[in-house]
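Novice: Going down the list, the sequences are from chains V and R. Counting along the first sequence from 1, when you hit position 337 you're at 368 in the numbering used here, and nothing is skipped either side. Counting along the second sequence from 1, when you hit position 677 you're at 708 in the numbering used here, and nothing is skipped either side.
Some clues are possibly wrong.
A pair holds if it fits inside one copy or across any two, identical chains being indistinguishable in the list.
[What the hints assert, rightly or not] Calculated pairs, SDA-like style, for lysine to any residue (alpha carbon to alpha carbon, straight line, at most 20 Å):
#	residue 1	residue 2
1	132	384
2	420	443
3	139	370
4	420	52
5	670	712
6	455	443
7	60	181
8	53	718
9	53	384
10	564	676
11	564	581
12	263	476
13	571	611
14	564	671
15	53	415
16	77	224
Quick caveat, the hints were computed from the structure, so don't treat them as lab data.
Number of protein chains: 2
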Amino acid sequence: MLEKLFTPQSVAIIGASREEGKVGHSVIKNMIEHGFAGKIYPVNPKAADIMGLACYRDVNSLPDGIDLAVIAIPAKFVPSTVEELGRKGIGAAIVISAGFKEAGEEGKDLEKRLFNAAMVSGVRILGPNCLGLINTKHRLDASFAAHFPEDGDIAVLSQSGALCTAILDWAVRNHIGFSKLISIGNKVDIDEEVLIEALGEDDNSKVIVGYLENILHGPHFMRSAERVTKRKPVILIKAGNTTAGARAASSHTGSLAGARMAYECAFRSSGILQASSLEALFDYAQAFSYQPLPRGNRVAVVTNAGGPGIMAADAIENAGLAFAALSEESHENLRSFLPAAANVMNPVDILGDAAAEVYGKALDAVLADDGVDAAVVLLTPQAMVDVRKAAEQISAAAKKFNKPVVASFIGAERVASGIEFLQKNRIPHYPTPERAVESLLMMVDYMKWRERPQRVIRRFAVNTTKVSRVINLCRKRGQMNVGEQESKSILAAYGFTVPQAVMARSADEAVSAAGTIGFPVVMKIVSPDIVHKSDVGGVKVGLAGPSDVSDAYELMMKRIREREPDARLHGVLIQEMVREGREIIIGMTRDPQFGPMLMFGLGGVYVEVLRDVSFQLAPITDEEAYQMLVGTRTYKLLKGVRGEKSVDMQLVAECIQRISQLSVDFPEIEEMDINPLKVSSERARAVAVDARVRIRGNAHE
Amino acid sequence: MLEKLFTPQSVAIIGASREEGKVGHSVIKNMIEHGFAGKIYPVNPKAADIMGLACYRDVNSLPDGIDLAVIAIPAKFVPSTVEELGRKGIGAAIVISAGFKEAGEEGKDLEKRLFNAAMVSGVRILGPNCLGLINTKHRLDASFAAHFPEDGDIAVLSQSGALCTAILDWAVRNHIGFSKLISIGNKVDIDEEVLIEALGEDDNSKVIVGYLENILHGPHFMRSAERVTKRKPVILIKAGNTTAGARAASSHTGSLAGARMAYECAFRSSGILQASSLEALFDYAQAFSYQPLPRGNRVAVVTNAGGPGIMAADAIENAGLAFAALSEESHENLRSFLPAAANVMNPVDILGDAAAEVYGKALDAVLADDGVDAAVVLLTPQAMVDVRKAAEQISAAAKKFNKPVVASFIGAERVASGIEFLQKNRIPHYPTPERAVESLLMMVDYMKWRERPQRVIRRFAVNTTKVSRVINLCRKRGQMNVGEQESKSILAAYGFTVPQAVMARSADEAVSAAGTIGFPVVMKIVSPDIVHKSDVGGVKVGLAGPSDVSDAYELMMKRIREREPDARLHGVLIQEMVREGREIIIGMTRDPQFGPMLMFGLGGVYVEVLRDVSFQLAPITDEEAYQMLVGTRTYKLLKGVRGEKSVDMQLVAECIQRISQLSVDFPEIEEMDINPLKVSSERARAVAVDARVRIRGNAHE
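Go ahead and model the full structure; you've got the sequences and the hints to work with.
Specialist: Structure below.
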């Protein structure tokens with residue numbers, strides 16, 4: 032779809048300039064000097080030729096059939112130029128010009144005009160306000176960057192043009208090759224979603240890395256990303272996570288969630304790997320670019336010094352990777368050529384005086400072991416070792432096996448030639464054992480993601496009509512906080528068990544209701560103005576007899592009237608007391624970017640204090656729901672400690688999936704909590720003891 | 032104390048060799064070539080002279096008055112040589128020779144002999160099995176290292192000789208200067224404690240960094256370290272944390288603690304900063320070496336690109352540092368020379384086309400702001416900026432203020448000259464904004480540590496005689512798990528409130544005891560063989576009347592006999608039921624290395640599942656006890672959520688201090704839990720509802 036952008040046969044440069052230091056000069060210079068094989072058409076009304084190429088005075092005078100235009104003219108002329116491109120049949124443009132929405136009100140207007148011009152003309156636009164685009168395989172440098180990177184299979188995209196510059200500057204010195212480098216700028220048309228999808232289909236790109244500050248269309252992006260990540264790794268830095276202000280929220284789920292959590296969920300459920308810094312981004316990229324994926328998580332270490340070996344072992348354990356246990360055969364093999372003082376157990380210590388050949392033999396022995404999925408090779412620059420030769424031996428051994436090998440040669444001066452050899456021979460090198468191990472962890476995580484079965488969303492038989500009716504009723508009343516009873520009727524319509532309950536408007540009615548339900552009972556205030564009932568003394572449990580009930584009624588009314596004199600009190604709910612069961616919370620809050628975000632965790636009034644919760648975006652699979660459970664400490668509690676029986680985990684996972692379905696079916700539901708959901712181990716039963724639902728005001732949006 | 036080691040006037044090299052490639056050759060070569068100004072005496076029975084110096088055939092034939100010997104001869108000759116040194120009056124030796132305890136049984140014997148030789152002769156020994164020692168100011172290179180580092184104020188010590196080699200190799204290339212580099216080897220005599228104390232008094236060392244695999248004398252080390260860290264920062268990597276196996280423990284505290292936690296507590300309470308990798312170690316070291324300490328935690332950012340600015344802002348927030356708010360005056364100042372599109376708020380974005388001078392002026396403006404304690408300067412290699420000149424400007428501005436400035440020039444090729452200038456002018460440079468911010472965080476942490484008031488351990492009036500009596504009684508019985516009642520009497524002797532309780536040996540006795548105490552009551556099994564009573568159904572709460580009590584007695588006895596047929600059942604405890612109060616746990620477990628480790632957290636049976644606990648080594652100050660509270664989520668719970676009253680935090684902190692005192696007073700107590708300690712907000716009261724104490728068997732050790 033983006034062929035004209037990525038692999039044009041001819042490029043017009045609008046605003047090409049003879050003047051050094053000008054962007055329009057850098058672009059045409061880059062195009063010519065970096066060996067673009069197609070035709071280049073400079074457009075500049077004031078010049079006859081630029082760098083030996085005949086110049087055109089405007090878009091209209093260009094020949095037909097040009098694939099791509101690069102625009103580097105003042106912002107105010109850009110929208111009309113794009114319209115001209117459309118008329119001329121040039122289907123793609125890179126707008127390098129700045130002065131759009133990043134530059135105040137006037138710029139915002141210009142960007143809207145540019146958007147309209149793109150939509151009307153059908154010209155696909157990268158930018159504006161970007162560094163441009165580089166496609167190394169195609170020798171295309173449609174940018175004003177100072178460097179042209181080496182050829183490679185890492186595709187880079189960045190929402191910050193300055194970071195592109197910095198990344199290129201770094202890559203050139205470190206011999207990191209790129210397939211494409213794309214500065215995405217203000218994303219007026221082509222955005223991260225389109226690009227990741229295109230790079231997913233690009234056979235020249237083995238791994239996609241990027242820096243993003245925002246994502247425009249959350250759910251679409253996730254679906255595209257999921258397709259791509261099944262084929263190749265996508266690693267992103269999402270910056271600006273923490274600065275997003277907290278939203279006001281009336282549910283526990285809403286107040287515990289946040290923009291950062293939403294991004295984490297979105298990345299997790301679409302298989303995107305997150306990097307916390309540029310260093311980490313390229314650490315991981317090199318591992319994926321250079322090495323095969325591991326088939327498991329068992330890591331072996333080969334070292335010529337004890338200290339770094341221990342550091343690697345610590346890192347493996349901290350990362351949650353498995354420390355490979357070598358077979359007896361491997362031990363014998365290693366013993367056959369290592370000195371007696373060497374350690375043949377993992378971490379294999381070949382000792383400080385080991386020659387380069389010993390590195391090769393030891394790595395060979397370790398990789399041949401069926402119990403090893405990946406290896407970390409460490410080297411300290413001891414007097415005896417020929418570092419360059421060791422690198423050659425390591426590289427040769429690694430090439431014999433289809434298992435990832437990463438290295439850390441610790442030092443700088445004496446290890447430089449070895450590191451260079453490793454890099455050139457596609458053995459990823461890291462300055463510390465910790466960074467080497469972290470890159471392996473990413474590979475293992477990605478391998479697990481790739482092996483996940485196809486996502487299947489289970490659908491339950493539910494009563495949507497009932498829910499629609501409740502929501503419409505509340506909306507008619509202008510009541511955004513759905514009352515407890517109505518919230519529960521929504522849940523009941525989605526297959527939840529709710530406690531038996533009767534509304535009472537007086538002490539007498541309350542006593543008679545309690546008699547019907549059977550003692551002991553719970554009494555709860557009913558008021559559209561009170562969301563957190565416990566906070567105002569609006570919940571009384573364990574009422575054992577008629578006098579308890581009538582006393583509690585009088586007291587509750589008196590106290591709440593004192594505390595909340597303006598609240599409308601409709602009466603109380605007399606409810607069956609659910610004694611047995613562990614208290615959990617299941618909730619949902621709607622992220623503005625990514626939609627319904629589900630929460631599971633330890634229930635009760637202390638949920639926000641203990642914060643033992645996990646999140647996932649809806650719709651959710653059975654496996655994902657189960658993973659939400661496992662992600663909490665509450666899980667162990669539900670499994671039963673100190674001789675208690677486990678609750679039915681499948682039942683809990685199903686409850687989460689039902690809320691997932693509800694929140695997908697009804698976008699009108701803004702947020703909700705079931706807290707507590709009481710899950711018993713005795714009978715496989717989950718009762719929604721309390722619940723709150725908040726809906727959106729406007730019916731259509 | 033270690034003058035002879037650090038600044039000798041004359042050095043004998045035992046095992047000096049003419050043969051290149053031999054350690055004995057490297058040592059004498061390093062001594063001569065790196066400019067040692069004192070006298071050098073090679074000792075080798077087979078050579079007349081080495082590298083132009085007259086050779087001595089043995090120690091005995093050396094002249095008198097030599098300060099230091101460096102030993103590089105086969106291990107088996109080392110102990111007798113040390114004895115000879117003693118007789119010759121040479122008071123210090125560096126034993127480079129390997130083949131000691133790292134090399135099997137025979138080596139272990141040799142090391143014991145070496146230890147004895149050192150003790151008997153009084154010769155202070157560094158090593159064995161080490162790389163040696165470098166003192167740059169003294170031009171002393173008593174090592175076989177391949178490099179001599181630049182002069183600087185960072186002191187390095189390492190338990191791994193190979194890491195010393197790697198660190199030197201790295202430092203040379205990166206122009207990092209060291210005051211001293213000390214390879215500590217097997218620590219037969221001089222250990223980390225002695226060295227850190229000596230380096231603390233060394234005016235040439237501004238910051239001490241080290242790599243340690245173990246610490247020999249925990250409490251001594253902590254006391255020494257605390258004295259040193261009040262004067263200068265000590266940053267350590269403690270490797271091998273995770274591989275330590277979990278110890279068997281009968282208390283919650285014991286099972287939640289671990290060797291790693293003990294090290295963390297020890298480092299925290301003695302002001303040692305921990306680094307998680309070599310990279311982090313030297314990141315921090317450079318910040319401390321080059322820059323003044325901040326006076327607060329408010330950080331400002333100056334950048335020429337938005338993306339890295341956001342990354343720095345994220346890092347500042349993640350680190351828990353404060354994002355500085357610039358004054359209106361500073362905004363105006365910045366506006367006066369920055370273009371209109373620039374951002375004058377923090378992060379200050381001077382834009383991509385900013386010239387070098389603008390960097391200087393912007394940093395100047397930011398550092399002049401009283402609301403700024405530290406600054407991070409970021410640069411991406413944009414076309415317009417002269418990177419080297421920007422570095423000069425930044426350095427000049429930084430020197431005007433007594434506030435720390437750290438930098439990150441992102442890239443490699445075009446930023447290299449700027450980075451080099453920064454490094455040489457003592458502005459710490461980091462490859463990423465994240466690492467720059469993390470180093471500032473370490474400085475802020477250290478500043479806070481330095482400002483902590485003198486530690487004062489409060490002592491409470493307690494009844495030690497009573498506790499001694501209980502412990503002795505249990506020991507006589509051979510009963511290591513002190514029973515609940517006796518555990519509580521220990522607590523009562525240390526000022527704790529315990530619930531009223533009566534022992535009962537039959538259902539009738541139980542009923543009568545309950546009548547005395549007043550209903551409702553709690554019944555608990557009494558058995559020396561049952562530690563976790565709840566697990567076997569040995570606790571029954573809320574017994575409301577006589578028939579409840581007698582029924583509960585029958586049932587409890589029946590069930591426990593079925594489950595634990597071999598347990599000796601002494602009867603039950605009838606106990607006052609403490610209703611009100613939040614359940615917390617306070618516990619202690621004795622770490623083999625560092626002694627009593629205190630734990631505070633959320634109490635109840637789920638303590639090991641929820642793991643909301645914090646640790647600290649005893650003895651503990653009032654402030655430290657309070658910090659233990661703050662370190663948990665339970666703290667918020669005790670503060671009161673949703674309208675509840677706060678419990679008396681001072682009371683809880685005092686309870687922790689009482690347990691601290693108990694565990695220091697009675698080393699016989701191996702571990703203990705008070706769980707739950709019920710703390711009420713109504714009356715300032717903390718009741719030890721249940722407790723267990725385990726003591727050590729042998730009275731004297």
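Novice: Which numbered hints does this structure break?
Specialist: As far as the earlier hints go, 8 and 16 are violated by this structure, in ascending order.
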